[in-house]
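Using the hints, put the two standalone chains together into the complex.
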Amino acid sequence: MELTNENVLGKIIDKFGIDNIWDAVNPDGIMTFQTTRETIIDLIQYLRDDADLQIQFLTTMCGIHYPDQKDKELCMMYQLHSLRYNYRVRIKVFFPISDPVMPTLTNLYAAANWMEREAFDFYGIIFTGHPNLTRILNIEEMEYHPMLKQYPLEDQTREDKIDTFFGR
Amino acid sequence: MEQFRLKHGLALTEERPLTTLNLGPTHPATHGIFQNILQMDGEKIVDAVPTIGYIHRAFEKIAERRPFYQITPLTDRMNYCSSPINNMGYHMTVEKLLGITIPKRAQYIRVIMMELARISDHLICNSILGVDSGAFTGFLYVMQEREHIYDIYEEVCGARLTTNMGRIGGMERDLSPKALHLIGEFLKRFPKVWAEFEKMFTRNRIFIDRTTDVGAISAERALSYGFTGPNLRATGVDYDVRVMNPYSSYEDFEFEIPVGSKGDTYDRFLVRNEEVWQSLKIIEQAYNNLPEGSYHADAPHFYLPPKQEVYRSMEALIYHFKIVMGEADIPVGEVYHSVEGGNGELGFYLISDGGRTPYRLHFRRPCFIYYQAYTEMIKGGQLADAILTLSSLNVIAGELDA
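For the record, the sequence lines run as chains P and E. Start counting the first sequence at 1; every next residue gets the next number (the numbering used here). Start counting the second sequence at 1; every next residue gets the next number (the numbering used here).
Excised from the complex, chain E in its bound form (with noise of 0.2 angstroms):
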């Protein structure tokens, strides 16, 4: 043990011994596949060396051997519980190298479909920030939300979690009247189901002691991590990207930031709670003034063509065989485009030789970020603080890792 402890520069102490402690790399609150080796002083975490890694699967590396088509399904590889923001953010990132503007149409699609996917991040996160303070209820009960908030994916592009829903140029498809039709049953039942488990938590005693004062971050030490998102807000920074540098339309919309104060577990539990209904917000007015048009850019060279149109003309066969078989021109370039992810600001920085494939991509990852923060945000605290801390940060194992 003291050889451990040597080896990655932890304290001795000569009055008594620490326990170390492994935390995750697979238990149920460690959310995923990371692990911490915590040095404990009884119940007090008095460091941790934490190790992340594995399930790395190189996406950066395989994305320089792919198409730029191909590449999509990497990303909704990523920060799964939000895919089609993933998804979009990096056709943006290509569209913005080739030069292609969308039809307002498409963008307010974009825009519905990647504030539903924040919709589902903030409630899965937030109801397993209450799972791990001991309130299942709340868990199952948005559950069922989530289900149909991935109905909607599943009318839009017929997949339910790595949707893939997007294409370099627009959507895949237009809105199906069934499609609109799940949007706005959504729009009408989920405020109530929000309203109430926010009242389940917000006011609930054992889950404001349990969650006041927990792993905060200060706005200084956020910044210098790199924090954006919720995480970031919650320490009273209002960063957002959406607002800062908007894409795809969301200068149209009226919406709020919230932002907290301490950068505690709560706070961020709060700025969460409060950005679905912004979401919803959001949602509403894209829906409700959804203009007409075309679902896609007018661009054949980078557009995937309709399947059937394949069938029956010729350009529409050559461009498709061009474009899946990666011969489209693509010009050189370097571009860096970044969304609001679920979980704070999702870049991608692209450079183009020219050639079938990226020369290199890389993705800005904010949960990357979050859990290089996490060491400190824990020491000192109980280890129960710890479980938490984590859960609120949404750290996705699949963002972390790439």
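Isolated chain P (complex conformation) (with noise of 0.2 angstroms):
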């Protein structure tokens, strides 16, 4: 089977139903899709097991934070690689920062399990599951996750710099 991203996503629809696979979009030539917690892992272990897709190799995943959509403020992104067809993919799914909790990958790609720690230590996602959810870049101690917006970098009390000035 030649895949591309309308057979893929047939043939993921007819396996997972519609109701799981939604708003397939393609930003830059990957298929982008998104799904739902409960279904992630059974698809990525589907993506990897069937023998016509054989998309064996998780090339990234991180987190992503958007405060503004209510409900969906976190978004966890995975993409994958079929290295026997050049193929990628990417998955998204959405969840309340109120509930952050995801399944762990760590079962199916040993590539998961620090990629998920970073999430965690920047997004304060917890990977269910998970052999070892500690910080891995920054310092146990640390309180809060900061890749999250509302730790904006610079020092938001500063009045030297106005941005008015600049048109902005």
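Be a bit skeptical, because a hint or two may be false.
Stated by the list, open to error - Simulated crosslink set (DSS-like; lysine-lysine; CA at most 30 angstroms straight-line): (1) E/LYS96 / E/LYS379; (2) P/LYS92 / E/LYS96; (3) E/LYS96 / P/LYS72; (4) E/LYS104 / E/LYS188; (5) E/LYS188 / P/LYS92; (6) P/LYS70 / P/LYS92; (7) P/LYS11 / E/LYS96; (8) E/LYS61 / P/LYS149; (9) E/LYS178 / E/LYS307; (10) P/LYS149 / E/LYS322; (11) P/LYS72 / E/LYS61; (12) E/LYS178 / P/LYS149; (13) P/LYS70 / E/LYS188.
FYI, nobody ran anything at the bench for these hints, they're computed from the structure.
Here it is as structure tokens:
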């Protein structure tokens, strides 16, 4: 089977249903779609094990924070690659920041271990079933998750730089 | 000590006590700031707990506050052994977002610079592997060649280590006659040096004994860990971003992908050695067939104008101001672009909401992935072998911690 966005999407929807796979777009040649927390692990396992797809390489995953989207504040992005067919796919899961829980992918990919620790460290996403979910790049005593948008980089109390002078 | 073991889930043995040994964080053999708390049974490593983050500089967070141009200096501080590849990988990502195609000449210049960077990366890695196994001469010998590569960088952009030589939309300036001359000289001289270096190690009995079957990893485990680059190719998988998803005209050049079979330290050494020859081949082709034309794209909204123009022309001044202040019209979008970095697939995942700065920029850093497997690779081996495994993985602290 030739892997095209339509073929792959059709196959996944056949398997997991239209309720679980939605918003498929193609922003940069890589098919991107959304799914649910309950489906994600089964979906990635299916992509890996299906003989026609063989999407067996976890390229990267990372968290994203959208503070303005109600009940969809946090996002986890997974990007996978079929080395055999040179086909990439990107999957996103949105979930509320009040319930920042995701299932762990470490049972499928060894690479997920540190990537999930990084997402936990930066965004506070808790991966259930992770063998050692501790901070990885920041100190353990840190009490917040620094990549969240409510922690802007620059000191907001500074008054010597006024943006209005630059028309912003 | 028992409390430490319990905290990290380490095995308690009744018969004989294990020794806890700090390998790193600051020791010449750990090549940067990596800490490993080893549990030793005599000379044998029973378990290892790695700690990273000692030089974490929050580049992903900083990038969210910087206009697109000003992110380049962050990228060349990641893998500082081959900074042009990082720079250009980032530039290509932004070009993909903006939809800019750059002229052939600029692409070829990029290829030359990226391959020079790969050579300099590999020659550091391989010569340091020699140092760690007790052979210092090779290191000194090839280090002067790295100086020559840095001379070329200096001629092209003025800097030697943190190069910043590209621009979004091409190169900052064209290759000068002197730069071309230096590259030509390098192509003439370097093969002889590299052949001698190779001779010093590849059939050296002591080196072979020290590296064969040391720190081996299977292709299956390597893929599960997300290995790419020479470390994956040493296990026998011929995945190379330059071939699979060509960028910057790599499809124009003929080269081979060297692969190993066992995935041990010796294989990784050989794969890097051979890759240097292939890089030379690519540079030679690009150098001999360097197309005429412009060294940057015709995209005044995004390509920083030459400084002389800024003093003379009103348009150039306006564009310069808009680009530097981050007022250029960046489209909304989401892109992933990856390049074959010095040690594997270096990816940039960029989300733009149309603002001055990226909404999110995530680096797919190959070193972050290799170091995760380090524990598994050294378990059951000797301490001295763990040092060689680390240097053959080519983990760069700046990229690991980003």
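Hint check:
no., hint, in the structure
1, E/LYS96 / E/LYS379, "violated (42 angstroms)"
2, P/LYS92 / E/LYS96, "holds (21 angstroms)"
3, E/LYS96 / P/LYS72, "holds (28 angstroms)"
4, E/LYS104 / E/LYS188, "holds (25 angstroms)"
5, E/LYS188 / P/LYS92, "violated (50 angstroms)"
6, P/LYS70 / P/LYS92, "holds (16 angstroms)"
7, P/LYS11 / E/LYS96, "holds (29 angstroms)"
8, E/LYS61 / P/LYS149, "holds (9 angstroms)"
9, E/LYS178 / E/LYS307, "holds (21 angstroms)"
10, P/LYS149 / E/LYS322, "holds (26 angstroms)"
11, P/LYS72 / E/LYS61, "holds (21 angstroms)"
12, E/LYS178 / P/LYS149, "violated (48 angstroms)"
13, P/LYS70 / E/LYS188, "violated (62 angstroms)"
Hint compliance for this structure: hints 1, 5, 12, 13 are broken, all remaining hints hold.
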